[in-house]
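Peer 1: Assemble the complex: chain A is given as a structure, and chains B and C must be docked to it using the hints.
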Amino acid sequence: MTIVRIDSGARMSQAVVYGGVVSTAGQVAKVTQGESVTAQATEILQSIDRLLTEAGSDKSRLLTAQIWLSDIQDFGEFNKVWDDWVAPDAAPTRACVESKLVVPALKVEIAVTAAI
Amino acid sequence: MTIVRIDSGARMSQAVVYGGVVSTAGQVAKVTQGESVTAQATEILQSIDRLLTEAGSDKSRLLTAQIWLSDIQDFGEFNKVWDDWVAPDAAPTRACVESKLVVPALKVEIAVTAAI
Amino acid sequence: MTIVRIDSGARMSQAVVYGGVVSTAGQVAKVTQGESVTAQATEILQSIDRLLTEAGSDKSRLLTAQIWLSDIQDFGEFNKVWDDWVAPDAAPTRACVESKLVVPALKVEIAVTAAI
Chain A
0 MTIVRIDSGA RMSQAVVYGG VVSTAGQVAK VTQGESVTAQ ATEILQSIDR
50 LLTEAGSDKS RLLTAQIWLS DIQDFGEFNK VWDDWVAPDA APTRACVESK
100 LVVPALKVEI AVTAAI
Chain B
0 MTIVRIDSGA RMSQAVVYGG VVSTAGQVAK VTQGESVTAQ ATEILQSIDR
50 LLTEAGSDKS RLLTAQIWLS DIQDFGEFNK VWDDWVAPDA APTRACVESK
100 LVVPALKVEI AVTAAI
Chain C
0 MTIVRIDSGA RMSQAVVYGG VVSTAGQVAK VTQGESVTAQ ATEILQSIDR
50 LLTEAGSDKS RLLTAQIWLS DIQDFGEFNK VWDDWVAPDA APTRACVESK
100 LVVPALKVEI AVTAAI
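Residue numbers (numbering that gives the first Met the number 0), protein chains in the order written: chain A, 0 to 115; chain B, 0 to 115; chain C, 0 to 115.
For reference, chain A alone in the conformation it holds in the complex (with noise of 0.2 Å):
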């Protein structure tokens, strides 16, 4: 079976395909300094939506997300960008922990898995 390696470097790969199942890389806010966790979030959710274009797959097919979120305190504000993305009657499992993140302008790190 092929590995389908998407956006991939020397670091990382952004979504790796394997077995039906696509697996992407954390997802970070590119434009950081003051944005909001709602601003990063939506960013993050549609670099999300992209990915699984790319590999074949769309929300509707989510399997698993995990959520680091560098303040917990964050969790409400997340939570309403996150609602309004889900598609309905397809919610992935999920964790959402807190972590402190790469740069402190980073708030939110999405990863998520889903069938093809």
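Keep in mind that the hints are not guaranteed to be accurate.
You can't tell identical chains apart in this list, so a pair holds if it fits in one copy or across any two.
What the hints assert, rightly or not - Straight-line Cα separation of at most 25 Å, DSS-like style, residue types lysine-lysine; simulated pairs:
(1) K58 x K79
(2) K29 x K58
(3) K29 x K79
(4) K99 x K79
In case anyone wonders, no lab produced these hints; they're calculated from the structure. Fair warning: this is a prediction, and the values are worked out from it, not measured in the lab.
Peer 2: Relative to chain A, chains B and C alone:
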């Protein structure tokens, strides 16, 4: 191949079955105020047993586990509950790290995957 | 389908193979006192190479990686070791966040999945 979602809501499913594998959401205790790590871990592992059963699996078919402790100093107390629960010759892979969880009273969160 | 457990104990298996995919436990360095991020990451990646070999895979078949750093400021130092290790055109997806690990001397923990 069909995706089966268990205890599915607008935000997340508590478990998703696909390709012969069930993945659970991060499980936390429901009653947490003043509850010890032991009490929380016990309740969580009961939830996981129930989800695995609904998915047509059980703890003897565990593949992976991710454990978050809000205070890594609870590692020893947590492991007593964990070690008692794991089925003989059926230990999953495991990663256990410290992350603050959604509310301060939560001391443990666990997500697993298992073969059907 | 059979579940193959590698270096399996009462608490965890160091790797589990199922459905054509191997998942490793979170790997940490064995000798940690005073060991640098570079030394710990090097030792961990050797452990991962060994586990992948035992599972019938290798780093050219990596699918995903989860990396926890106990201090996210070690990101740059860690990446030098990581980037040298990743096989050409075979980078996995990756998420790298900060979490305290089981003992303070541990600076890095890594878990991966790979296709067999």
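Peer 1: Against this structure, judge whether each hint is valid.
Peer 2: Tested hints:
Within a single copy, K58 and K79 get their C-alpha atoms as close as 17 Å, which meets the 25 Å cut-off; across copies the closest is 34 Å, which misses it. Taking identical chains as interchangeable, the C-alpha atoms of K29 and K58 lie at most 25 Å apart only when both belong to the same chain, with a minimum of 21 Å there against 29 Å between chains. Taking identical chains as interchangeable, the C-alpha atoms of K29 and K79 lie at most 25 Å apart whether they share a chain (21 Å) or sit on different chains (22 Å). In this assembly of identical chains, the alpha carbons of K99 and K79 lie at most 25 Å apart whether taken from the same copy (21 Å) or from different copies (20 Å).
When the structure is compared with the earlier hints, no violation turns up for any of them.
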